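Chains as they are written, first to last, in my numbering: chain L, 13 to 310; chain S, 13 to 310; chain B, 13 to 310; chain C, 13 to 310; chain G, 13 to 310.
These are computed hints drawn from the structure, not numbers from a lab.
Quick caveat: nothing in here was measured; it's all calculated off a predicted structure.
Each hint should be verified, as a subset may be incorrect.
No copy is singled out in the list; a pair is fine if it fits within one copy or between any two copies.
To be verified - Calculated lysine to any residue pairs in the SDA-like style (CA-CA distance at most 25 Å, straight line):
1. K183 x Q67
2. K120 x G270
3. K260 x Y68
4. K141 x T190
5. K260 x V215
6. K151 x T58
7. K183 x P301
8. K151 x G170
9. K120 x I266
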Amino acid sequence: RWRGSIYKLLYREFLIFVGLYFIISVTYSSGPIYFYLLFLLGFYVTLVVSRWWAQYESIPWLDRLMCLVSSNVHGTDERGRMIRRTLMRYASISGVLILRSISTAVYKRFPTLQHVVNAGFMTPSERMKFDAISSPHNKFWIPCVWFANLAVTARTEGRIRDSVVLTLILKELNSLRTQCGRLFGYDWISIPLVYTQVVTVAVYSFFLACLIGRQFLDPEKGYPGHELDLYVPVFTLLQFFFYAGWLKVAEQLINPFGQDDDDFETNWLIDRNFQVSLLAVDEMHQNLPPLEKDIYWN
Amino acid sequence: RWRGSIYKLLYREFLIFVGLYFIISVTYSSGPIYFYLLFLLGFYVTLVVSRWWAQYESIPWLDRLMCLVSSNVHGTDERGRMIRRTLMRYASISGVLILRSISTAVYKRFPTLQHVVNAGFMTPSERMKFDAISSPHNKFWIPCVWFANLAVTARTEGRIRDSVVLTLILKELNSLRTQCGRLFGYDWISIPLVYTQVVTVAVYSFFLACLIGRQFLDPEKGYPGHELDLYVPVFTLLQFFFYAGWLKVAEQLINPFGQDDDDFETNWLIDRNFQVSLLAVDEMHQNLPPLEKDIYWN
Amino acid sequence: RWRGSIYKLLYREFLIFVGLYFIISVTYSSGPIYFYLLFLLGFYVTLVVSRWWAQYESIPWLDRLMCLVSSNVHGTDERGRMIRRTLMRYASISGVLILRSISTAVYKRFPTLQHVVNAGFMTPSERMKFDAISSPHNKFWIPCVWFANLAVTARTEGRIRDSVVLTLILKELNSLRTQCGRLFGYDWISIPLVYTQVVTVAVYSFFLACLIGRQFLDPEKGYPGHELDLYVPVFTLLQFFFYAGWLKVAEQLINPFGQDDDDFETNWLIDRNFQVSLLAVDEMHQNLPPLEKDIYWN
Amino acid sequence: RWRGSIYKLLYREFLIFVGLYFIISVTYSSGPIYFYLLFLLGFYVTLVVSRWWAQYESIPWLDRLMCLVSSNVHGTDERGRMIRRTLMRYASISGVLILRSISTAVYKRFPTLQHVVNAGFMTPSERMKFDAISSPHNKFWIPCVWFANLAVTARTEGRIRDSVVLTLILKELNSLRTQCGRLFGYDWISIPLVYTQVVTVAVYSFFLACLIGRQFLDPEKGYPGHELDLYVPVFTLLQFFFYAGWLKVAEQLINPFGQDDDDFETNWLIDRNFQVSLLAVDEMHQNLPPLEKDIYWN
Amino acid sequence: RWRGSIYKLLYREFLIFVGLYFIISVTYSSGPIYFYLLFLLGFYVTLVVSRWWAQYESIPWLDRLMCLVSSNVHGTDERGRMIRRTLMRYASISGVLILRSISTAVYKRFPTLQHVVNAGFMTPSERMKFDAISSPHNKFWIPCVWFANLAVTARTEGRIRDSVVLTLILKELNSLRTQCGRLFGYDWISIPLVYTQVVTVAVYSFFLACLIGRQFLDPEKGYPGHELDLYVPVFTLLQFFFYAGWLKVAEQLINPFGQDDDDFETNWLIDRNFQVSLLAVDEMHQNLPPLEKDIYWN
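Go ahead and model the full structure; you've got the sequences and the hints to work with.
Now the structure itself:
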């Protein structure tokens, strides 16, 4: 990409500088390049690691919500069960939709909305309703609105006892919504391309320059410290290993929603959340072990 | 600007030091300048990046508010619809007004309040009311006060069922207000001019000094490590590329509300928020898909 | 100050070391001093900048509170207006009192409590009540207690409809109180004197050592890299400029409540908050633009 | 492990580079390796320390919850006592279950669920219920759902006076749940293996290279600064001590839930929480010291 | 201490390395030691400073709680006054107890519980009740449980109007409890001993090595940059001053609850909180200045 890239930003200054430089023909040592790389990598990796963890913390878990729905949406009849299950499904759909749009692993699993329906997250009639709402933007917010409206319906029917409990559930939903929004934000506004390009170009051009540039050095001159490396370039190899290794750390973490070994297992998470939350709101609703005196009673 | 700039702060010490120095005529090597640049750039870029992301996180999204308004402001009659739409419009106006005052892209789109009216965010009578409130300060808080008063009116009319729900909505409004205030703060209190000036002057003077100063070096002397660069100044060019590239990262991020390729797409965001929130509170109000048993029912 | 200063902490070790050293008479190069300065300045400036911004974020704004008071403290009669205005004045006084005790600019404007009265923030009878409460400690918390009691009175009179709304207002007051407490804390517990002294002494002694020490160097010896600087000490001047500039950044930010160009404009803020909040709770109370259909109605 | 390790990620680039390098046979100095280690260690240790403290802050304490249960779940009869004790036991079980899955010390103490029952945290009938819920995932969330349902039961029986108090208790439970979830997250998503491997390999290969590589240096040549170390390698020993010491800091903190001297004493914490919370909700329920005038009464 | 110290962790590797090293007898320069110190100190001081400020922010202030108690616990009769005063005393006792266990200054003032009684924080009958609760753990949580129970009693008596207000007070108490718990945590889990030892040993061994090692250097050889220092070791002295100064910063901040000049004045704080909170809840309860029109009324 030319737009927004470092090449576009710098090419004018670069050309001027190159011109001036070839005229003046001044040379300089390459030593500080090392330190440059170290600093650049250090600050860059720190930034990437903090974003990586913030992304993990933004993944929506349904446990808090399911505790509230399980205990506060009353009714052991069929409609009661249906409302509880539907509420949790709506919350799950929001998570699936946002993860579909940022994670390649989830997208592969659900390439179309029909796959979401087939996997049981959505019913066909919900899908129709969903498609009927025309908006050019990402529609992950729709199930949230449904959730809120259904919760209020349950309140009107008396299944949620009063507004205090209702607001607790709505607040919890809103914090799920905020997490989804954060995931969207981390995907939408990535680390500026310029930064990543500077780091990558710096590391690779350093290696290239090493490989090419060394041929100009005359080993006969015996620069101090170069004796050992002449026979076995052990330090240079180590250096390559470490610089490239640090860069790989950043490359792995910069998009943790891919399909690599170290990426977050989002598909597992979606299934775990869906399964556990249905269990909690359905089977476990008002299904308590008998109250007993514990062994330290007196 | 002379006031608050580094020139004003330092010129006296500078002159004294220059005077003393020319008398003593002591020379020193230029090596540490490199490291100085690295440190300065590293800490400065880190600061800029953290402010940049904090600014992104301060942009108000209306999704949380619209869930609450959609589900809790009752009434499918015309007045009910009008109240819900007006509430969301008020929240939108606050966002537009604050973004107008900090983002050149949004300001270009809405150079006057009339443009806000024409775009449908404000009605003409609202504009009259708005103009009637005379205050020399930024008036982005006015729609927030309207919102709060209108919400209480809806509560009095019984369209918001009780105070618990009302406070939930008012809290949500207040966190939008806080986000607007943060955006205002990032714009009002920028990174101290001195800091930015030191960094910029450091980088550019370094390049200037390189270009000029090299002519005093006699390439015949064969300083170690300078052989290669005599013919192809590849390392110096790379260095230029990296230092300037890092500085460009900071320059791009320091004001993310401009019109560059990498800036936040605030105009898109305003439209998205407005469109989606009207959709959520109007068409989707109590318009739920039918409750059905999901495929894992038993 | 001797107490708590670095001189007191270190003089014994210092004397011992000086003694040993003059006996052994070993010399060492001055190169690493550069790096020392860089590190020290880098970490110190980062600390100062983060405190500086945290102080900005602790300045109390009244916008959130005024939205709540404007919409939820009912009554368009004189007493209703008076209660709303008085509540906002109480919140303002707390801000003025805490800013008076930390900001020289605000202190100059309000050298005595009488000036606060004259400026209209306090009534004379409030001042009498205020003076009657004898406490040796900063009394900025008194208007907060008044606010809470007045809000409860309004609740008892039915002007605040119910306790839910009352608690929302009290919470908001408490977060203002927390911000005031933070400002107090940043003023009370400054960055340890030792840290600031080490940094300042380091930078200035470095320059002094440069000026004095250079006379011992014999320019005839032609140390590598010193040729250029002999004629024009351009790098040393730049170095001075950058080190001192970075230190100035810290010095400017370490107390942002002074009267310098770059300090926070606290007096403007006090006036803005007072004026805007009275406007919001009085003129704008239940004074809404007419509800209309917006241009996207259907 | 081959999957996800740095060896897998880099072996191709490594082989290419090695090949090229042996052909070109260029040597280079080993100096910058030092700095590389410093940077790498500095950033890595900072990351590890911040995770270590975040893990401490995620350990669930029951004090906040027990204050609420003690004062707000009424009834001095046997059933009242049983409900309060059972609520606190449920909260304790959640903590025990999550700590069992991340801490080797706690796992050793409770290798099976039966040990949890024997220690009095769980009753046998609760264990049966627990086992009856079949889920392939970690089941630490089950007691949370029980807690929520039991709290609602207490509300229905009138032992919790109203929904406002109920929501306060449920919110508190949810923040315990969040803490458990964070502990789970820190265990599940560890610092990327690549990062840890790069750091460890860097430090140890540095020492190995030192030991082997030095034999190629001819001490007769008298490189500057090497005189002293020839007789007593004091600086090299110190260096070893410091580099390895810093690495040990990271190794100790990277998993603070082990059985080392410096690890968190999780078993003590579990007992303390259980004992104190039963005390607070049972003996201390509505068991207040008599109200008296304090010595500053007038 | 041998357990958990760096000596225990490293002695095996150390001995092996020493053995190998004396056999191979390879020397190396001492230069990088400088940088090592800089890095180590920089990262360590940053960690210490952030913990130091977090500890300040964890000190409990009673201002927020006293506003709520003053305005919401009704009754101007003796029992009402007594309840309000007792509530604030309970909150004070919790603070005193936790500070006693972490601050030497507070411990000196209150060596036994009887001193707390004598100072008027506790009544004798409260002390009896306190002692009657047998627990091997720190008992600072007991007054919190009393507070919660007393607040509920006040609610039952109608002195706290409804549960909404009650929960606000209980939440505030819980955040005080959290602050106390954080103070406890910072005291219990200190910075790992290994880290502190590495830093301290590094700095002091550096100075020792300087003093001893220099005697092997032959000043006749005239290493570049050593001319000046031969006569006046000004740079070395400055270096000592700065390294040791930076370490002292860390040593001062690592335990801010001692009796040094720069430590937090916890005893003053305890008195201030106790005095101010009694004033606020007793004399100032519903004791407002008369409502008046302010000078900007129209």
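Hints violated by the structure (listed by number, smallest first): As far as the earlier hints go, 6, 8 are violated by this structure, in ascending order.
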